[in-house]
Amino acid sequence: MQFSVGRRELLSKLQMVTNVVERRQTLPILGNVKLSWADNSLALTGTDLDLEVDTKVSIDSDAQGATTVPARKFLDLCKAAPEDAELRFEQQESRFLVRYGKSRFSLGTLPADEFPMVETSGDALEFDIPQKVLRRLFEKTQFAMAQQDVRYYLNGLLLELSGDAVRTVATDGHRMAISESPVGISGTETRSAILARKSVLELGKLMGGGDRSAHLKLYKTHLVAEADDAKIATRLVDGSFPDYERVIPSKTDRLAKINRQGFREALQRVAILSSEKYRAVRLEFYGSELKLSARNPDQEEAEELLEIEYQGEPLEIGFNVNYLLDVLSAVEADTVEMQLADSSSSCLIAQPGETSERYVVMPLRL
Amino acid sequence: MGEGQSDRQAPPSIKLLSSNLSDQIAAGEVVERPASVVKEVLENALDAGARHIDIEIEAGGTRLIRVRDDGFGIPRDQLSLALTRHATSKVSTLEDLEAITTLGFRGEALPSIASVSRLQLISAQDGNGWQVGSGAEGGDPQPAPHPQGTSVVVRDLFYNTPARRKFLRTERTEQSHIEEALRRLAMARFDVRFTWRYNGRTGQDLPIAESESARAGRVSKLLGRGFMEHALPLRSEAAGLSLEGWIATPAFARAAANMQYVYVNGRVIRDKTVSHAIRLGYADVLHQGRHPAYLLYLELDPTRVDVNVHPTKSEVRFRDSRMVHDFIHRAVRERLRDARAGVGETNPNVATDGAFGGAPAMPMPIAGFPGGGAGGLSGYRPNFEMAVAGGSVSETTGFYQLAAQPLATAVEGGLSPETEEVEIPPLGYALAQLHGIYILAQNRAGLVLVDMHAGHERILYERLKQQRADNPLVRQPLLIPLVLHLSGREMDTVLTAQDELLSHGFEVTPSGPESVTIREVPALLRDADASAMVRDLIADLQRFGSSNRTAQEQDQLLSTLACHTSVRANRQLTLPEMNGLLREMEATERSGQCNHGRPTWVQLDLSAIDKLFMRGR
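Those protein sequence lines, which keep their order, are chains A and B. Counted the way the numbering used here counts, the first sequence spans residues 1 to 366. Counted the way the numbering used here counts, the second sequence spans residues 367 to 983.
No lab work stands behind these hints, which were simulated from the structure alone. Please note: incorrect hints may appear among the correct ones.
Rough simulated footprint, nothing fancy, chain B against chain A, three-plus residues with beta-carbon under 8 Å [unchecked claim]:
#1 164-175
#2 272-283
#3 354-365
Pulled from the structure, derived: some chain A residues nowhere near chain B, Cβ distances all over 10 Å [stated by the list, open to error]:
#4 Gln25
#5 Val118
#6 Arg151
Ideal Cβ positions, reconstructed from N, Cα and C, are used throughout, including at glycine.
If we strip away everything but chain A, and leave its shape as in the complex, we get (with noise of 0.2 Å):
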């Protein structure tokens, strides 16, 4: 009952499994990753009941078992050992043993058939997409989740998917962030599914395979998705998203295209200046000009001029700069169009021309 794997291959597998459990836990076994071999494999899978993720990694034996081990401690002696140290597991009734170089370690387990699955029933639609595609979704969107939100929906992320595109969309109630694939799911009416916080995070990590696939099922409660040989099963969160399509501003009179790497350099200077719990600057419109301030308690000031392309009438409005540089860390292209109504009311920044990514910030009255 003895088999070996090489350091470095289980390592990045461990920790994807080690991330998802929490440290503090009631139920002693949900402190425990699961590890079961069979024919050359060995599949690691760790779970917080409402996520689990489950990799595999090959190994020297076919001989079959499993069990459970404490996942911090064994995540900690894996990573403890020389670079390209073989690591030799063994299972001795109640113990694990973990041997490399001259090191010998006994952990204690805990039965693996106690270990908790997620279960999934019902149908499902399946489908696949280019992991980067998923993975871009979600970088542009997620960072507007809310966090620890009495309106727990907003804690994570909506999922969209329909005949003609895939879309995410994200909001704190102050701002909101939506993106979308173009890529449609073939033959599927709409269906949206709202995903953890904690679930975004780890799917986004599954998704580093550029081009490939990944093929994902969506049941009514849960989603599992599985790229390369990983798989992920995660709970949805059971609640209604509020309605984006009503948020995104529509009768916007005032039209302003800026660069935004001057933008958001210019706002992170001023932003330097600005009071250090409100976040607030102030942008004023006119002509040609966007001039950028800001003020602290102390009554210190900062001030900035950007040449942009401006059309409609003047205007003043006031945001939490946070809010802003969030979106513009987020766009990738040259230049950024602001469309806005009055200072009071919300702002939509996108691509000129695009509406592959779209944000939604409100104002702060000052």
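Model the placement of chain B on the given structure of chain A, informed by the hints.
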């Protein structure tokens, strides 16, 4: 189906209660326990203009309560009437009732007491004493010798109501209730002498206290010296309201909410509005779960307060409770703002058992210091002898003289050495840092220990609060408005208080018969649970007519910020840095307590340190 349906009895007929029975029913409300008798009878004596009231209690008031006053007395022909229900000399018209200036007025006390005890009423006017006894209502007064004034003698309380008697506690408990009743009245009337005895032994003798110090003396006798040592005298007047009395520094905060006395026009009361206002005044200087101690006298036009709310008159209703609330809140808050070193007559953080009073900042000759002749060092006589285990003290006196040196040098560092008279700051000059946590400083009284993190935290916190107050409120409109479901009563409050809510940073608009939409929140609280906050705000507005909840919530955030940005333990500070911190603390409001209500500094008097070494005994 019910019982008695088959042989139904004749329905009881409606008849007027006998006056004795109705008196006993009223007694249930007014005479709850012996202490209530004491209170009622004493109030009568005070209303009769007494200058000296003598009280005698036996067996926790169950055997005897005798109250003798030297007031107006009751004429012979009114003696019997005094024992009749709804007979009073204190009000006669409705107008009187709207502007009550006497303690009693309902005309219930004496007949109620008489109905549950053996009561004797003896009174003398112009040298002729008469008495009436209980039971025999309307019996003719008998002559009895008595000095000017009235005596009420209550024997065998509850002898005829065994149920009530059964509920009495031990003699000791009842006596402490009586003591509390006496205390409350004695603190209401400094112009009256009170003497009382328990089972023949003197309990208190409180002479008339006209002067400020005599009053403080009486309070200190009644509430204990600890209270008075920590008390900050308070006096405030505005818009026809006047508030006087003492509030204890946060350092004296108690685990229980006793030692909270509020008098409204001389009447002790318990009122939600008032206690809430005081509690708010203590906001962010009180440790969690601690209660402030105070003794306050609120005076206002009697027409602006209704005392006829409860039979024992312990509750009142203010015509304009919001104004009263704001007035008291502000007065207490402003007084506590000065709770810092060197301000006020008392030292809030004396570390000793209180045997040593305050350390007022006063100029003193430095030149006298090393000689040990003046001021705080006067306790050191180099030539006293005392055997301490293993050695004699005389060896160490030389060291003490040396110890006095650093002060002189520290002073020289910042001030011209030629100065003959130098004012030592209240927190003194820093000597060293202890384990990277405390600053040791030397002032006139002795050693000052300062928790440097706590002190710095308060300085930053007050600065942040000031900034918040100086800058306009920034509101964050919501991209996705919040819908809140409310009760009908809450809706009414929202409809009338939309502007008020907006001034707190919440734009709330009705969106249905029982729901509102929150459209904007204060930018500082953008991550807080807005719906819970609006709900709490509405509840405050309903109860107190005003709220400073959002200000408190924002302060809470600032407090955390201050805590995170202040110097932490193990940060080594140089002497100039430490002295800088001490000076800032002296200049900062409420610097006696950190944001969480812990003390920031304590004074160790030389005499207290002497005690540790058994010096000077």
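The hints, checked one at a time:
Given a C-beta distance limit of less than 8 Å, the hint that chain B covers the segment 164-175 of chain A holds, as 4 residues qualify and 3 suffice. Beta-carbon proximity to chain B at under 8 Å applies to 5 residues in the segment 272-283 of chain A; the threshold of 3 is reached and the given coverage holds. For the segment 354-365 of chain A, the stated coverage by chain B holds: 6 residues have a C-beta nearer than 8 Å to a C-beta of that chain, and at least 3 were required. At roughly 27 Å, the least C-beta separation between A/Gln25 and chain B is larger than 10 Å, which holds for a residue marked as non-interface.
The beta carbon of A/Val118 sits about 30 Å from the closest Cβ of chain B, which is more than 10 Å, so the claim that it is off the interface holds. The Cβ of A/Arg151 does not lie farther than 10 Å from every Cβ of chain B; its closest approach is about 8 Å, which violates its non-interface assignment.
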